[in-house]
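Number of protein chains: 2
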Amino acid sequence: MGVNSGTVAVLSKASVSKRKGPLAVASKDAAVVLQEVNKLAKAQQQSVKHRATLEELGISDAREVAVMDDADVAQTIERIVIQAAQSILAGTGFSYDVPSRASSNQLYVPQLERIVLKSAVSNRPFSSTATVRKTAITTRVLSLVHEVLNKRIHITKRDLFYTDVKLFEKQNDSDAVLDDVACMIGCTRTSLNVVASEKGVVIGRVTFRDDGDFIDCTKMGVGGKAIPSLIDRITDLQGDAQFVLLVEKDAAFMRLSEDRFYNQYPCIIITARGQPDVSTRLFLNMVKTRLNIPILGLVDSDPYGLKILSVYLSGSKNMSYDSASLTTSDIKWLGVRPSDLETYNIPKECRLDMTESDIKYGQDLLKEDFIKNNPAWMAELELMLKTKEKAEIQALSNFGFQYLTQTYLPLKLQQGDWI
Amino acid sequence: MGVNSGTVAVLSKASVSKRKGPLAVASKDAAVVLQEVNKLAKAQQQSVKHRATLEELGISDAREVAVMDDADVAQTIERIVIQAAQSILAGTGFSYDVPSRASSNQLYVPQLERIVLKSAVSNRPFSSTATVRKTAITTRVLSLVHEVLNKRIHITKRDLFYTDVKLFEKQNDSDAVLDDVACMIGCTRTSLNVVASEKGVVIGRVTFRDDGDFIDCTKMGVGGKAIPSLIDRITDLQGDAQFVLLVEKDAAFMRLSEDRFYNQYPCIIITARGQPDVSTRLFLNMVKTRLNIPILGLVDSDPYGLKILSVYLSGSKNMSYDSASLTTSDIKWLGVRPSDLETYNIPKECRLDMTESDIKYGQDLLKEDFIKNNPAWMAELELMLKTKEKAEIQALSNFGFQYLTQTYLPLKLQQGDWI
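Residue numbers (UniProt numbering), protein chains in the order written: chain A, 1 to 419; chain B, 1 to 419.
Hints listed in this document are in silico derivations from the structure and should not be mistaken for laboratory results. Hints are not guaranteed to be accurate.
One copy or any two copies: either way a pair holds, since identical chains are not told apart in the list.
Stated by the list, open to error - Result set (DSSO-like, lysine-lysine): computed pairs, CA atoms no more than 27 angstroms apart in a straight line:
| hint | residue 1 | residue 2 |
| --- | --- | --- |
| 1 | 360 | 170 |
| 2 | 388 | 157 |
| 3 | 28 | 332 |
| 4 | 219 | 317 |
| 5 | 151 | 367 |
| 6 | 166 | 388 |
| 7 | 151 | 332 |
| 8 | 134 | 157 |
| 9 | 157 | 348 |
| 10 | 332 | 367 |
Given these sequences and hints, build the entire structure.
Written out as structure tokens, the structure reads:
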């Protein structure tokens, strides 16, 4: 019951132990801090290789889809259906030519840093018992998409499924055919006005119109603006941001938005709150296309953080036909990188041991093209697998709650410390 | 290979079978449609029982916390710590009195439709081996919260954990103590400036300031405004909305926002995208407190839809000490209700069979206070468990993609069809 020196220590402010952070301190001058970012921006803007077309690369047997407007998609559907009707009237039944989305028909193009679809096409005749059901579903989906386009509305995949449960039976069946239809028409899935649900949020130095409403993302309080799933309703995207900060998690986003990080360092802060959804990926692509500024990724130092960057960068295999609008090349890995753990003296107790499945997942990543084609990323991943340690962005809170915004990021930017 | 009549049928528009919907059609006049809503609003506004205090109800042994500002919370922490220091200097060691958050100390108050904490308190002495660690953690959390309040910033629970991993060891340990500290101080967890991540989104006839920025939720495009996790940064909430539409899922939210449902029927549309998070619950409570308009819930017709309503309504057991600001009384269940499946002739193939675990979960709900105290809800849940059928909001798409906004909701409103 007596006085205990440990007790006093706990109460005393001195117990907030001042651990050693990084050696350097960032400049107070935002212009100095941003010099490296501006160099990167210039280099990227001058680089002609940027978003080369498949044609320029001499890849003739790959297929990509394009963003098309409602009327064009509707017209293409009409053309496909008239062809089928004529074929029926000629007494020859009908069939569709559907681009194959099998992995054997996919190709990673290192110059583009993404996967595209090769040219294999499979024929889907109505008169075959093997394909009759799929052909009927394809026809129904074409008809429903046509209706949606004419009404100028957007629906979700789930809505589509529920319009004809008897025919579709499982949502997987209508979903798969929806991707087929996008490939047949040669448009993005979003061009079919079938959209995914929204998850992302944006704040910072960017303005745009969302369905006509003017949105200024520097005036969105601390909560930010929800990124709409109807990405084609976004117009007039502008801004004086000098870079995009792509953040894995909501907690880091909150820190950045509360500290209004973008006021001092003109940037756009985007998060999909975990695994990137289609809308956030489309939005990032749109920002990059319109503003052409560097994109810097801030993710956890673990295999999933890296995977998240790769989805923004190279896309998922399932929608590789649409990789041009869904992926964004030239994303830099700013942090938290495995080497940061030592550089920034992150205390041992704030690092976590990788689990068996983390290690397995990391080893799988070693074999992926986006890692194999980037030696610096490869080296970081190998370091992670060697030390078997991971760390979250939040681990930086150990040096103080605002260490992320006041020290870590400015320093990273000033030193051009990205790969 | 010949012409197949089935083929033609699939292609023909006539195959979009016109199934029988509900018998009545809603009025084209929004004022007529909203008559029942206005009656409900008036009744709720006149009702004195609305948000009675525990004192008024004669419940003296229950404990609730209040929203407190940064300075008040900081002062209370200083008082607690000075007391401890004095006790140490007097040679008697120190201890904290911590309100018990065990279920045995929780009470459902039917008049309030929520759970509150009873008055049991446990003593946490530093000198006991059983409580020394928890007492040290409590002290550290008090000190960290004090720092955050002085800096006038907000952090997440995860940030808090990472500031002293050596002491906290597991995040559960710092999280639990954080709730203890809120109870000790008598303030909400949000008043400690420790917030949850944001998930919710809002659109419609409401304006407010988010950290000083003026936000007009009728001008948020189709994406809506992200509900900030820093709910205490929201001020000046106003609006001419006549009701709140509380939506379970993002897909329905998208339909409502794309169709700008709130233009025709002045309302505020809120979704937490599934299980309600703390920020969305606080926001709903704030809307209700400021505008005092009816709240109508639109959820899937399954036990989880009902559970979602109950979380908004009665809160979770874990944070019952804060139920006054986290819960919102008088939420009406608009739909999709089990009885709607017949009333609206939802085709059999759009209904889903309840799984074993759905049924088990539904049976558990039958025993919960919020159901037992509401015979109409009880009857619906019993009907669900009898038919063993569930349905999603999306099932309404079967009658057309805009059936939800153009027919179902107006009709429900006009008929005052909520319970």
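Cross-check of the supplied hints:
1. Taking CA atoms no more than 27 angstroms apart as the test, residue 360 paired with residue 170 passes between copies only; the shortest distance there is 25 angstroms, against 32 angstroms inside one copy.
2. Only between protomers do residue 388 and residue 157 lie at most 27 angstroms apart by alpha-carbon distance; the minimum there is 25 angstroms, versus 40 angstroms within a single protomer.
3. Proximity of residue 28 to residue 332 under the C-alpha cut-off of 27 angstroms is restricted to the intra-copy arrangement: shortest distance 24 angstroms within a copy versus 54 angstroms between copies.
4. Taking CA atoms no more than 27 angstroms apart as the test, residue 219 paired with residue 317 passes in neither setting, with 37 angstroms inside one copy and 36 angstroms between copies.
5. For the homomeric pair residue 151 and residue 367, neither the shortest alpha-carbon distance inside one copy (46 angstroms) nor that between copies (46 angstroms) is at most 27 angstroms.
6. Taking the closest pair of Cα atoms, residue 166 and residue 388 come within 27 angstroms of each other only across two copies (20 angstroms); inside a single copy the shortest separation is 50 angstroms, beyond that limit.
7. With identical chains, the CA atoms of residue 151 and residue 332 are never at most 27 angstroms apart, being 41 angstroms at best within one copy and 32 angstroms at best between copies.
8. Proximity of residue 134 and residue 157 under a CA criterion of 27 angstroms is satisfied intra-copy only: 17 angstroms inside one chain copy versus 49 angstroms between copies.
9. For the identical chains of this complex, residue 157 and residue 348 are inter-copy neighbours only, at 20 angstroms across copies versus 46 angstroms inside a copy, given an alpha-carbon limit of 27 angstroms.
10. Proximity of residue 332 to residue 367 under the C-alpha cut-off of 27 angstroms is restricted to the intra-copy arrangement: shortest distance 20 angstroms within a copy versus 54 angstroms between copies.
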